[in-house]
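Visitor: Sequence:
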Amino acid sequence: MAPGGPAAMLPASEAAKIYQTNYIRNSRAIGVLWAIFTILFAIVNVVCFIQPYWIGDGVDTPQAGYFGLFHYCIGNGLSRDFLCQGSFTEFGSIPSGAFKAASFFVGTSMVLVLSSIGCFALFFFCSTLTVYKICGWMQLGSGVCLVLGCMIYPDGWDSEEVRRLCGEQTSKYTLGACSVRWAYILAIMGILDAFILSFLAFVLGNRQDGLMAEKLLAESKANLVSRCLPEEMLRRRTSIAVSYLAICMWTCLEAVPIAVDQTKVSRPAENLEPPKSVDTGLHYDRYLREVVDFLEKDPHFREKLHNTDMEDIKQGKLAKELDFVSHHVRTKLDELKRQEVNRLRTLIKAKQDIEGGRGLKIDHQALLKQFEHLNHMNPHTFEVDDLDRLIKSATHDLENYDKERHDEFKRYEMMKEHDRREWLKTLDEDARKKEEEHYEQMRRKHAEHPKINHPGSQDQLKEVWEEADGLDPDDFDPKTFFNLHDTNGDGYFDEQELEALFTKELEKIYDPTQEEDDMVEMEEERLRMREHVMNEVDTNKDRLVSLDEFIIATKRKEFLEPDAWDTLEQNPIYTEEEMRQFEEHLTREENNLIQKTADLQKQREDLERQQQQLNAQKLELQQAVEHMERLKTQRIELPPEAKGKCT
1 MAPGGPAAML PASEAAKIYQ TNYIRNSRAI GVLWAIFTIL FAIVNVVCFI
51 QPYWIGDGVD TPQAGYFGLF HYCIGNGLSR DFLCQGSFTE FGSIPSGAFK
101 AASFFVGTSM VLVLSSIGCF ALFFFCSTLT VYKICGWMQL GSGVCLVLGC
151 MIYPDGWDSE EVRRLCGEQT SKYTLGACSV RWAYILAIMG ILDAFILSFL
201 AFVLGNRQDG LMAEKLLAES KANLVSRCLP EEMLRRRTSI AVSYLAICMW
251 TCLEAVPIAV DQTKVSRPAE NLEPPKSVDT GLHYDRYLRE VVDFLEKDPH
301 FREKLHNTDM EDIKQGKLAK ELDFVSHHVR TKLDELKRQE VNRLRTLIKA
351 KQDIEGGRGL KIDHQALLKQ FEHLNHMNPH TFEVDDLDRL IKSATHDLEN
401 YDKERHDEFK RYEMMKEHDR REWLKTLDED ARKKEEEHYE QMRRKHAEHP
451 KINHPGSQDQ LKEVWEEADG LDPDDFDPKT FFNLHDTNGD GYFDEQELEA
501 LFTKELEKIY DPTQEEDDMV EMEEERLRMR EHVMNEVDTN KDRLVSLDEF
551 IIATKRKEFL EPDAWDTLEQ NPIYTEEEMR QFEEHLTREE NNLIQKTADL
601 QKQREDLERQ QQQLNAQKLE LQQAVEHMER LKTQRIELPP EAKGKCT
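Position 243 of the sequence shown, counted from 1, bears residue number 243 in full-length UniProt numbering, the numbering being contiguous throughout.
These are computed hints drawn from the structure, not numbers from a lab.
Do not take every clue at face value.
With a Cα cut of at most 20 Å, we get these calculated SDA-like pairs of lysine to any residue [unchecked claim]:
1. K416 with H446
2. K555 with D474
3. K416 with K434
4. K462 with P572
5. K462 with D472
6. K297 with K100
7. K451 with M522
8. K172 with C150
9. K508 with A447
10. K504 with G491
11. K434 with R444
12. K425 with D407
13. K133 with L33
14. K416 with E516
15. K508 with E569
16. K445 with D566
17. K451 with I552
18. K433 with K462
19. K100 with V203
20. K451 with E558
21. K504 with D563
22. K462 with K479
23. K416 with G491
24. K133 with K297
25. K433 with K451
26. K555 with K445
27. K451 with D494
28. K479 with A447
29. K133 with F123
30. K479 with I552
31. K100 with I152
32. K100 with V147
33. K403 with P572
34. K133 with C119
35. K410 with Q581
36. K504 with V520
37. K133 with V203
38. K172 with D155
39. K508 with K425
40. K555 with K504
All chains should be modelled from the sequences, with the hints used to inform the complete structure.
Guide: Spelled out as structure tokens, the structure:
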């Protein structure tokens, strides 16, 4: 017989063994690959759902920002901060109906594919055919939902929030100045992945049923027991592999960078890189700190910075080292400068619009002062001159910052006294006398407080050591105290850390619940204490107190035997002559306002009178036109005989 003839056909049992071997070998490999790609597709689906990077700003967009399915962040145009809104749990906060529908369908797609992974456990209880078909239908549904989500999403591009980011030319399925981001592209790629996985699941499910004939199945029934063992082993091994991959997927999901509103998240303190700078109070504080942070990332510049004394830094000698920093640092500094220039231009334009709209005179010198910390003639690149300007401007502004705060407090106190005196003028004799007695009583009550320790003295620091730190005053150690209150761990006491040391002393004088205590005065007292300690301890005048400077200060006689500390009520803020000049200035300002009000009222009356005249002229002109129209009508209606007589 020919080898291929009917008589050469293998017995049913042998054919079943061959089929079983090939099936197990092929199905195991394909099934594991199918499971792996299903898990990867689930990761892609979750990332696309939660990441707000479906569309985003472009080069010509009026604002910076980005949009996802339900979460979006848009800049305010004045700084680099983003205002983030939208949450899937708060469906009403999603800016568009199309975005809501897209979020629903993509979310449903994510749930379906995660459910298909959960169905892997059914391999223990159901037949392989059933499990593959269940997963296949779920993956098919996931792909369909993903298609609907990707198709519906552009229908919401005409919403107000998207137009505010992408420009007025934005409409449905037209992004204007914005561009498609990676999450949208990843979702489109996920559609193809879903359909391929679904097709593969149906193929794997139908493989056994299609290849084995009914007769073969019937004849190999006797071998069912012998086949159950290897199939059961296969299922167990496959389930173990799938479980391992599921654990890997969970680990990957934990590592996905989820975009959230950073203003609502409390980050744990990081010990690796403690913050090295604090808020200086300058209007360009953020720009200053970002420049310093990036320069310190360059090893060469960081070494020069640590080896240069404060006077050389103030004179601009350090700025020349900018030429030696790495290229990527210079590139980032260029970007920071462009952003700062844009911020200042936006603020100046807003100020000009406000003042121009009110007809006020624009102070060009004040506007130019906003640019003193950078070279506005070159708004594109960060050069040596920019660093030199930034150092000198920051040094000058910080040195004058405390003086400006003192002057502002002085004006506050004089205005408070002026208001009190003006109030007394409105009272009768008896009420004025009672008010004066109450005022003196409040002053005496405020002056009755426990003894104030000299700021920075041993007694003052020991009190903090005992009451704030809860330690035995007999065990006071300056180095330990310094490390305890160096809150940012940079090895220095900055101004904010020093001011925090005086809270206990200030609580002896000021109580926010008491009428006689003014919290504005408390902050002025805190500033005086900090200035005094800085002048005594900060020997190199860098506005920081190092550990060495602090230890040296604790060995001085003034630390052990300090003078008494005079509080604000013991040091008059202003003299009567200054008060008289201040009131005269207020009187002049009031008279100027009255005069301006009178001028504006007169201008208003003149405008109303002119408007009345125009209305009268308009009425006369209208009457003349009507009269001419009547004459013209009468002339047309006259008979020819009358017209001849008229002529």
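Visitor: List in ascending order the numbers of the hints, as given earlier, that are violated by the structure.
Guide: Violated hints (numbers, rising): 4, 6, 10, 12, 17, 18, 19, 23, 24, 25, 26, 27, 28, 39, 40; every other hint is consistent with the structure.
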